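**Student:** Now for the letters of each chain:
2 protein chains.
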Amino acid sequence: MAARWRGTRALLLDVSGVLYDSGDGGGAPIAGSAEAVRKIKASGLKLRFCTNETQTTREKFVQKLRGFGFDISVAEVTAPAPAACRVLRERSLRPHLLVHDDVMPEFAEIDKTNPNCVVIGDAADNFTYANLNEAFRVLIGLENPVLISLGKGRYYKETDGLKLDVGAYMKALEYACDIQAEIVGKPAKMFFESALAELGVQPQEAVMVGDDIVSDVGGAQRCGMRAVQVRTGKYRPADENHPQVKPDAYVDNLAAAVDLILQEL
Amino acid sequence: MAARWRGTRALLLDVSGVLYDSGDGGGAPIAGSAEAVRKIKASGLKLRFCTNETQTTREKFVQKLRGFGFDISVAEVTAPAPAACRVLRERSLRPHLLVHDDVMPEFAEIDKTNPNCVVIGDAADNFTYANLNEAFRVLIGLENPVLISLGKGRYYKETDGLKLDVGAYMKALEYACDIQAEIVGKPAKMFFESALAELGVQPQEAVMVGDDIVSDVGGAQRCGMRAVQVRTGKYRPADENHPQVKPDAYVDNLAAAVDLILQEL
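For the protein sequence lines, the chains are A and B, in the order given.
Read the first sequence against numbering that gives the first Met the number 0 and you will find it ends at 264, with the numbers running on by one and no gaps.
Read the second sequence against numbering that gives the first Met the number 0 and you will find it ends at 264, with the numbers running on by one and no gaps.
Some clues are possibly wrong.
Pairs involving identical chains hold if they fit within one copy or between any two copies, as the list cannot separate such chains.
[As the list claims (entries may be wrong)] Calculated lysine to aspartate or glutamate pairs in the EDC-like style (CA-CA distance at most 20 Å, straight line): (1) 156 / 20; (2) 45 / 263; (3) 245 / 100.
It should be emphasised that the hints constitute simulated quantities derived from the structure, not laboratory data.
These numbers come from a predicted model, not from an experiment.
Here chain A stands alone, though its shape is the one from the complex (with noise of 0.2 Å):
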């Protein structure tokens, strides 16, 4: 298994759950990840933060994890919801938004009016009857229904419990309006390939590290790319017997990914 990690120009990491923990207050950061960053910094390889947050902007985002003593900066990172704004842009679609508040402002600029499609993010709270309702009559009252979904997650850990992701309310919609979604944000290829792009390697050069054994290790494989998983975040021990799933690493966390593939290098 040596030489492993050979050829490895650029890394990226999966945020919540690799850097720090959500929960109350904002969360806290995961031992040994903001020396990690700062290690990938200094080796000379290439970085990029890749998420699936869509609670929030990227420059809040990126405030509360300088807060936490990282290294990061809004050009670093790659998420659904400026993704998703270049998906519209390219394909002149008019949104309506089903989003949580805090990440509307990433969609200002974007044209709303007589919407066209329909944009679903982790809208938490604003997921009521009423809203998923206005929702289906936009997209059933159209001819060839587009529904833009932010990732597809079942479900998130928080302080105060297990809270339903945007998956779920996109099986809903995909649902009664009989039509499949299309995913901006991990594990679509897509994602992935605009994030290498962005860093300007190939998918056999970068090593992408995460928590999510689906959304990060096995998307980021299909896509040519190698995987860690870090045992933080929502990594459970059953993750290790997943059917179609193998990292091509486990380790405890961020700092031992760094270690370990630097060290080959």
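Let chain A serve as the given structure and place chain B on it in line with the hints.
**Tutor:** Then chain B, alone, in the frame of chain A:
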């Protein structure tokens, strides 16, 4: 095509869209339907009302229909909530309920402490993010998660527009928990069979009359019944080109269905 209805001993009637249209102030009867119900009863045919209504108790539902001039009693109605109660008792299941407030009394006698399953109905405004999360947490916390869904409708029409039906939220929970719901209500075979058992007739002796090509017509036919689609309620001309389901007859309304069947007996 003569004698198509020979051997008919019983009629099963869908209610919403066949007897009446729902809407403002409880809706309005469909012309000729009250007289048609009287004709069935006078003919000696057995009769059962087979509905997926879960926004009210059978008592209140029947009261409304009697107000519209229908000869109908609670004992003649097959509905998902009481059918679910039978399932819960038979299997010693204690439900967490995510249903409409007005259908709660149907579950009054059921033990709901320390839930070991979730029952979901057309909860309408009770489909908040908080309530769906609560149902999700019950399911995900169970070793063998059991989700019972009162029907699996996609949506329905009210005077103020289309509304998402229970099926959409059922799909959300199925996806989040990676499980399959058990349907109690049309088009589930067991639901039609329980209506037939209450009438004491065989499937080939019964005809279903409904406005829903999939739930009413397709469901009844899969049970071995004949089925007529009325061109009232949620009927749409496109139904006549349905790729899978072909009714034994189309008629303009319930009155026409009853005349058609009675004249051939």
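**Student:** Each hint: holds or not?
**Tutor:** Tested hints:
Only within a single protomer do residue 156 and residue 20 lie at most 20 Å apart by alpha-carbon distance; the minimum there is 9 Å, versus 43 Å between protomers. In this homomeric assembly, residue 45 and residue 263 come within 20 Å of each other (Cα to Cα) only inside a single copy, at 16 Å, whereas the closest approach across copies is 80 Å. With identical chains, the CA atoms of residue 245 and residue 100 are never at most 20 Å apart, being 36 Å at best within one copy and 46 Å at best between copies.
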